[in-house]
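Two chains, each in its own frame: build the complex with the hints.
Listed here are the chains, written in short residue letters.
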Amino acid sequence: MPSSEQQTPSAAAVSDPAAQMMQARRRAGELLAARGVFGLVWFDDDLVVRGRFGSLVEFIPVGAPVTQAVIPLIGLEAEIRALKSEPGRVLRLPSVSIVTASGTGPHLNMMVYAFETEEHCLMVVSPAELDTNLAIELTRQIRARLMAESEVVAKSQELARMNAELRIANGNLEQFAAIATHDLKAPMRALGFLVDEIETAMAASDAATARQKLAELRGQARRVSSMLSALLHYSSAGLNKAAIENVDTRALVMDIVRSLPLGGVQVEMAGVWPRLDTIAAPLSLTLRNLIDNTIKHHDRDKGHLLIACTDAGQALEITLADDGPGIAPEHHASVFLPFRTLGTNGEGMGLAIVQKMLDAVGGTIALSSNPALQRGTTITIRWPKQIAL
Amino acid sequence: MTARKIMLLGEIGVGKSSIARQLVFGHFETRYKPTLGVDVYSYEIEPGLSGGVEPGAKFVIWDTDGNFGDSILSHIYIKEAAAALVVGDLTRQTTLHTMLDLGRGFMNAMPGRYCGFLVNKSDLVDAAAELPPELIQASVPMLRTSAKTGENVKNAFLRAADAIRRRGL
Chain A
8 MPSSEQQTPS AAAVSDPAAQ MMQARRRAGE LLAARGVFGL VWFDDDLVVR
58 GRFGSLVEFI PVGAPVTQAV IPLIGLEAEI RALKSEPGRV LRLPSVSIVT
108 ASGTGPHLNM MVYAFETEEH CLMVVSPAEL DTNLAIELTR QIRARLMAES
158 EVVAKSQELA RMNAELRIAN GNLEQFAAIA THDLKAPMRA LGFLVDEIET
208 AMAASDAATA RQKLAELRGQ ARRVSSMLSA LLHYSSAGLN KAAIENVDTR
258 ALVMDIVRSL PLGGVQVEMA GVWPRLDTIA APLSLTLRNL IDNTIKHHDR
308 DKGHLLIACT DAGQALEITL ADDGPGIAPE HHASVFLPFR TLGTNGEGMG
358 LAIVQKMLDA VGGTIALSSN PALQRGTTIT IRWPKQIAL
Chain B
67 MTARKIMLLG EIGVGKSSIA RQLVFGHFET RYKPTLGVDV YSYEIEPGLS
117 GGVEPGAKFV IWDTDGNFGD SILSHIYIKE AAAALVVGDL TRQTTLHTML
167 DLGRGFMNAM PGRYCGFLVN KSDLVDAAAE LPPELIQASV PMLRTSAKTG
217 ENVKNAFLRA ADAIRRRGL
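Chains as they are written, first to last, in my numbering: chain A, 8 to 396; chain B, 67 to 235.
It should be emphasised that the hints constitute simulated quantities derived from the structure, not laboratory data.
Just to be clear, a hint being listed does not mean it is correct.
Unchecked claim - Keeping only pairs whose Cα atoms sit at most 20 Å apart, straight-line, the calculated EDC-like set for lysine to aspartate or glutamate is: (1) B:K220 / B:D136; (2) A:K309 / A:D330; (3) B:K99 / B:D131; (4) B:K145 / A:E84; (5) B:K124 / B:E95; (6) A:K392 / B:E196; (7) A:K303 / A:D284; (8) B:K124 / A:E84; (9) B:K145 / A:E86; (10) A:K192 / A:E181; (11) B:K214 / B:E95; (12) A:K392 / A:D366; (13) B:K124 / B:E112; (14) A:K392 / A:D284; (15) A:K303 / A:D330; (16) A:K392 / B:E200; (17) A:K303 / A:D366; (18) B:K220 / B:E95; (19) A:K162 / B:E196; (20) A:K392 / A:E252; (21) B:K145 / A:E93.
Predicted model, so just to flag it, every value in this text is computed and none were measured.
So that you can see chain B by itself, here it is in the shape it has in the complex (with noise of 0.2 Å):
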């Protein structure tokens, strides 16, 4: 089975390397260090779970640096691509519009590839932290992340997972 690529997008510091190795390690590390180039990790759906996803399906998920900005979009890294899900900072109100761009540009580069919004930190502020209204009205699937919790984020990628197979991607 042929692994598929899904890109983790979004500014430096919001937490896209702290949501890859939640996910793919299962752990959270306080340290931070920023991410040069890209770092590549893969993951594998692990069977017995519900909800459309194909158990044993293989990725390989994208850590980008967040100083490619939107020249990201252009880059080899991104070619063939099936999914990119694109993290904001919850305390950094700018991260979110800057969400909006990549994302935007993301599915203008790549037409028809799944991208969905992880607005990351949800630990750090309350529920009903606001948010910019053209974010919520983007008409992406957003989800609050906490990848020091843990929280939605192996549902983020799951349904990821789940749109790629559906979409035959």
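Only chain A is shown next, with the shape it has when bound in the complex (with noise of 0.2 Å):
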């Protein structure tokens, strides 16, 4: 082992044809170590360097651990002191390079030899880039293939989704089509009737009926007025302008319900109301609907609403209890319904958006109520913590 780097023989002139041979190998060791195709590096028990051979270690400091210079061989101590225990073991390092802020280095493989009969270990350091092309070309390749795969993945996807946004466009096209059609006709064939009365009631000179029918016309337009209204909105709800917000879930709660007519109705909140990262807007319109329902078709004038929320992994689940008149088991369905309303209070409208919202989101909502047996009625909605937009 050389005492210091680039120790080698000299090349004193040897007569003996194998001194010669012994010295001829020994210069074209030196001219390959000096071309880089091979570096030796020899270290003790402590791993401290004690020499070095070749230009491809020259960065490698004599008198320093190894492991300074050679980072990759740092974890490895106790791997390479065992190899004296081992003897024919090596310790290899394929293709490795170290980066530093002046760039990459190259990538050399590295073994490491333990010689029972030699006080040093021996590092043989080569390079690792006689492949490099070649396997550069085939990364890249394979790369842009999984690039190309991915993309057609997506725009799949991307199509799948634009398909069911259509599915669920038509659908709603065709049920405002049956409500324009069906819940709008009763009130517009009431405002033909009432023109007759009203024609009839001139004819024979009755200006009190038809005073009458005129107020009546005017409510009846009204009405329709305010179902064209309700329709546009039910129409309009959906997550076309949401965006991902961080909520906190009790505020919002509560700010609905202070900006609410609360009447004699006392709401109570119970659970624990997370912070959660969610569309807003489609959240607490759901639940606005929700309560102002409640509220409007309370019929005492002291009442009890509570509002729980409880995390049921993949969803919130948020349940309002009344203590209402309850709700027919017979009208549970239809209730979901636009322009369905067992009250004479509203358009019939906010359990139909409710459900809208909730079918947007993937969200569900469950109904437990029965009058015969008890007053009051529960609504549990599920509102999915993950959103796909």
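Written out as structure tokens, the structure is:
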């Protein structure tokens, strides 16, 4: 082993053929090492470098721990020391490059040997870049294929999403047409009848009846106008302009409650109300309609509404339990349809909008009530924590 | 102080090298150059940082070739690693599933070591982009990162450094 860097035998003239051959071999070694074909590093049990040979390992200082310059050996110290007890075993680190602020070093194969007869460990270093260009090209092609595949998958998903949106839009259109032709037909027909009755009253010079029918006509006209506004509101309810925000769900409910005319209904909140990254406006619209619906349809001077929230894993489960008149089981399905109301308050769009919002976000709603057994209604919605826009 | 070894694992092209370079050199390279074998960086926690990290703690970061797949888990490269940060590409769902396999593989191969998930390229995708549910449920610390903007890159390594210190690795 050389005692310091680049130590090799002198090139003194030798006449003995065997010695000449030995000298030629050493010379060949020197030339190859100088051209970076290989490099040798000797280090002791403390892993301190005692010598080196070849331009490839010139970056490794003699007298310092080998791990100082060859950082990939950090953590492998025990492994290297153990080599001495396992003759013949070699520690191989293939294709390792050390990156510093000045750039990425060459990829090197490092092999550490420990010989029973030798005091020092030997590390043989050689370039690992013989096939680099081929490997880079291969890797580039693999990456290009992966990217193309991902793009196809992404486009397919986008297409599926657009198809689903189109189906929903078509469904909404059909529903809109059905409402427009069915639910608005009755008040429009009533308007026609009233006009006929006014004409008849005027022909008979019955001013009192004509005035009464005109008042009814105004009432019907207001009702049609109100229904059209509600229908417009319902049609535009969706996620079109929704954005994910960090929502304090407790504060949201408290704001809604404060903004509504509660009358004699006392609202109580229970459970755990977390902060949630979700679409704030649709959640607010859903809760507002549910709370408003409960308050509007309460039939007594004093009432109670309990709003509770629990974490149901993938979703928040929000329950609204009131002590109002309740909803008969035969109306449970129809209350979620537009213009279906069991009382005289409102247009009957509140729960329809709630249902529509929940369909849009992938949530659910359940209703539990049977006035024949007990007063009150419990509505439970599941609002998903993750919403795809 | 002995340097600790942190592995960067993940499929090809997810941004492992960009994350390492953003952390160590503070810049992002737009030109893609695949890693062959392994590139090794050294990183030292700068003084003055809070949050349980050890100022002056040294790390060697092993940025591995994505072509290794799960064979990396039995490779000499991973020996004595104190932690692994498994990287996925938010724009390529398949890489997110691979993250899960690599993360589980690392935790099986190196019990007790820290493992974190980095969902990279967050600058390219809406923050609400969907993640596979099994990734969310994997109970592995996860951060959305952007090697381009630097978002959460240092944070991810500081978390790993803190876990290494706490676990005495």
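message: Does E84 (chain A) sit within 20 Å of K124 (chain B), going by the straight-line distance between their CA atoms?
response: holds (16 Å)
message: Between the alpha carbons of K220 (chain B) and D136 (chain B), is the straight-line distance 20 Å or under?
response: violated (26 Å)
- prompt: Does the structure keep K392 (chain A) and D366 (chain A) at a Cα separation of 20 Å or less?
  reply: holds (14 Å)
field: Pair hint outcome, K220 (chain B) versus E95 (chain B) [Cα-Cα no greater than 20 Å]
entry: holds (17 Å)
- request: Take a quick look at whether K162 (chain A) and E196 (chain B) sit within 20 Å of each other, Cα to Cα.
  value: holds (15 Å)
message: Given the hinted pair K214 (chain B) and E95 (chain B), is their Cα-Cα distance within 20 Å?
response: holds (8 Å)
Given pair status - D284 (chain A), K303 (chain A), alpha carbons within 20 Å: violated (30 Å)
message: With the threshold set at 20 Å, check whether the alpha-carbon distance from K392 (chain A) to D284 (chain A) stays at or below it.
response: Within the cut-off at roughly 7 Å; holds.
query: Going straight from one Cα to the other, do K192 (chain A) and E181 (chain A) come out at no more than 20 Å?
result: holds (16 Å)
task: Compare the distance between the alpha carbons of K124 (chain B) and E95 (chain B) with 20 Å, and conclude whether the hinted pair is satisfied.
output: Judged against 20 Å, a Cα distance of about 24 Å means the pair is violated.
query: Going straight from one Cα to the other, do K392 (chain A) and E200 (chain B) come out at no more than 20 Å?
result: holds (15 Å)
- request: With a cut-off of 20 Å on the C-alpha distance, tell me whether K145 (chain B) and E86 (chain A) pass.
  value: OK: K145 (chain B) and E86 (chain A) at ~9 Å, within 20 Å.
Checked against the numbered hints above, the structure breaks hints 1, 5, 7, 17 and satisfies the rest.
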